[in-house]
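Peer 1: One letter stands for each residue in the lines below.
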Amino acid sequence: MSRLFLSCLCLFASGAALAAPADLLQGYEMQARQANPQFQAFSAARGEQFYHAKRTHSNGKSVSCAACHSDNPKALGRNEKTSKEILPMAPIANKERLSDPAKVEKWFKRNCQDVMERACTAQEKGDFLAYLLSIK
Amino acid sequence: MKRIFVIITLLAAAPVCADGNENLAPAATNQKWKTECSACHIAYPPSLLPERSWRKMMGGLDRHFGQDASLDGPTAQEITAFLVNNSAERGANKRAKKVLGSLGPNETPLRISETAWFVRKHDEVSPQVWKRPKVGGPANCLACHGGAERGDYSEHQIRIPR
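In order, the protein sequences belong to chains A and B.
With our numbering applied, the first sequence corresponds to residues 4 to 139, in that order.
With our numbering applied, the second sequence corresponds to residues 2 to 163, in that order.
Hints are computed from structural coordinates only; laboratory data are not their basis.
Be careful, since some hints might not be right.
[As the list claims (entries may be wrong)] DSSO-like cross-link-like pairs, simulated, lysine-lysine; straight-line CA separation at most 30 Å: (1) B:Lys35 - B:Lys98; (2) A:Lys84 - A:Lys109; (3) B:Lys95 - A:Lys77; (4) B:Lys135 - A:Lys57; (5) B:Lys33 - A:Lys87; (6) A:Lys139 - A:Lys77; (7) A:Lys64 - B:Lys135; (8) B:Lys33 - B:Lys95; (9) A:Lys87 - B:Lys122; (10) B:Lys132 - A:Lys57; (11) A:Lys87 - B:Lys57; (12) A:Lys87 - B:Lys132; (13) B:Lys57 - A:Lys84; (14) B:Lys35 - B:Lys99; (15) A:Lys109 - A:Lys139; (16) A:Lys98 - B:Lys33; (17) A:Lys112 - B:Lys33; (18) A:Lys64 - B:Lys57; (19) A:Lys98 - A:Lys109; (20) B:Lys35 - B:Lys135; (21) B:Lys57 - A:Lys112; (22) A:Lys106 - B:Lys33; (23) A:Lys77 - A:Lys87; (24) B:Lys99 - A:Lys77; (25) A:Lys77 - A:Lys112; (26) A:Lys98 - A:Lys87; (27) A:Lys77 - A:Lys98; (28) B:Lys98 - B:Lys33; (29) B:Lys99 - A:Lys87; (30) B:Lys135 - A:Lys87.
Turn these sequences into a full structure, and let the hints guide you.
Peer 2: Structure (structure tokens):
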């Protein structure tokens, strides 16, 4: 019995590590529905708007996702502070993107804090991914 | 007379040349250090800051030079241990001692570029050079030190972009 449990656990763990972006979206969809029973679907258009939206940080500087990740998610970005290159955000241009759920969550946590000065909602995250995945 | 002057100059310059062959890569490496730190900048040589600086830095990753670089607990612990074990106090290279010697006992710099050692080593770099778009500032070692990611900061690896 414990062996069965262990092998299930292993299957689950390897599945999680190899999750496709579609699985990630499904997770965010469940969270979005929980937060808002009226939730319909993620929107690439809304995600695109979110990606480019500039807001003024409390430190007075203009911030946006695009500022570091480039206006074109298929292009290289550049960290504004260190000038280090950032690989393209769109999976079509960088197949590693969105392939590791823990990494996706880590960066949402950090970058939402830096740009929005708060955590992002599941809907914002889903829209953002929908936009990146819609890019051909 | 002139020849003697030349010889003396060469002798004086010799230690500088030897110093120029700088490999700052830690003896043993750590994959998490490399992966996490080099996501936004090169993974800086741990021997260039004292233990107290690394501990302070790793304790404030949620506000890391104005950006959120927070890590999960176990990852932060592993990287802190690696940085401390290869810090200026314990780094095997000669530079580590020089870095340490350039700091006052109460100085806890968080930027390598704030250490007197770094400032002295870069005193010929004009403010305009730091501001060039391809350089961007002293955080971007790789702009001029082509071998930085391998820990190679030697003089002949330096190429300052226009």
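Peer 1: Decide, hint by hint, whether the structure agrees.
Peer 2: Comparing the hints with the structure gives:
{"no.": "1", "hint": "B:Lys35 - B:Lys98", "result": "holds, 23 Å"}
{"no.": "2", "hint": "A:Lys84 - A:Lys109", "result": "holds, 19 Å"}
{"no.": "3", "hint": "B:Lys95 - A:Lys77", "result": "violated, 44 Å"}
{"no.": "4", "hint": "B:Lys135 - A:Lys57", "result": "holds, 25 Å"}
{"no.": "5", "hint": "B:Lys33 - A:Lys87", "result": "holds, 18 Å"}
{"no.": "6", "hint": "A:Lys139 - A:Lys77", "result": "holds, 9 Å"}
{"no.": "7", "hint": "A:Lys64 - B:Lys135", "result": "holds, 22 Å"}
{"no.": "8", "hint": "B:Lys33 - B:Lys95", "result": "holds, 25 Å"}
{"no.": "9", "hint": "A:Lys87 - B:Lys122", "result": "holds, 22 Å"}
{"no.": "10", "hint": "B:Lys132 - A:Lys57", "result": "holds, 25 Å"}
{"no.": "11", "hint": "A:Lys87 - B:Lys57", "result": "holds, 24 Å"}
{"no.": "12", "hint": "A:Lys87 - B:Lys132", "result": "holds, 15 Å"}
{"no.": "13", "hint": "B:Lys57 - A:Lys84", "result": "holds, 20 Å"}
{"no.": "14", "hint": "B:Lys35 - B:Lys99", "result": "holds, 24 Å"}
{"no.": "15", "hint": "A:Lys109 - A:Lys139", "result": "holds, 25 Å"}
{"no.": "16", "hint": "A:Lys98 - B:Lys33", "result": "holds, 22 Å"}
{"no.": "17", "hint": "A:Lys112 - B:Lys33", "result": "holds, 19 Å"}
{"no.": "18", "hint": "A:Lys64 - B:Lys57", "result": "holds, 26 Å"}
{"no.": "19", "hint": "A:Lys98 - A:Lys109", "result": "holds, 18 Å"}
{"no.": "20", "hint": "B:Lys35 - B:Lys135", "result": "holds, 23 Å"}
{"no.": "21", "hint": "B:Lys57 - A:Lys112", "result": "holds, 22 Å"}
{"no.": "22", "hint": "A:Lys106 - B:Lys33", "result": "holds, 13 Å"}
{"no.": "23", "hint": "A:Lys77 - A:Lys87", "result": "holds, 17 Å"}
{"no.": "24", "hint": "B:Lys99 - A:Lys77", "result": "violated, 44 Å"}
{"no.": "25", "hint": "A:Lys77 - A:Lys112", "result": "holds, 22 Å"}
{"no.": "26", "hint": "A:Lys98 - A:Lys87", "result": "holds, 20 Å"}
{"no.": "27", "hint": "A:Lys77 - A:Lys98", "result": "holds, 11 Å"}
{"no.": "28", "hint": "B:Lys98 - B:Lys33", "result": "holds, 26 Å"}
{"no.": "29", "hint": "B:Lys99 - A:Lys87", "result": "holds, 28 Å"}
{"no.": "30", "hint": "B:Lys135 - A:Lys87", "result": "holds, 10 Å"}
Consistency with the previously given hints fails for numbers 3, 24, ordered from lowest to highest.
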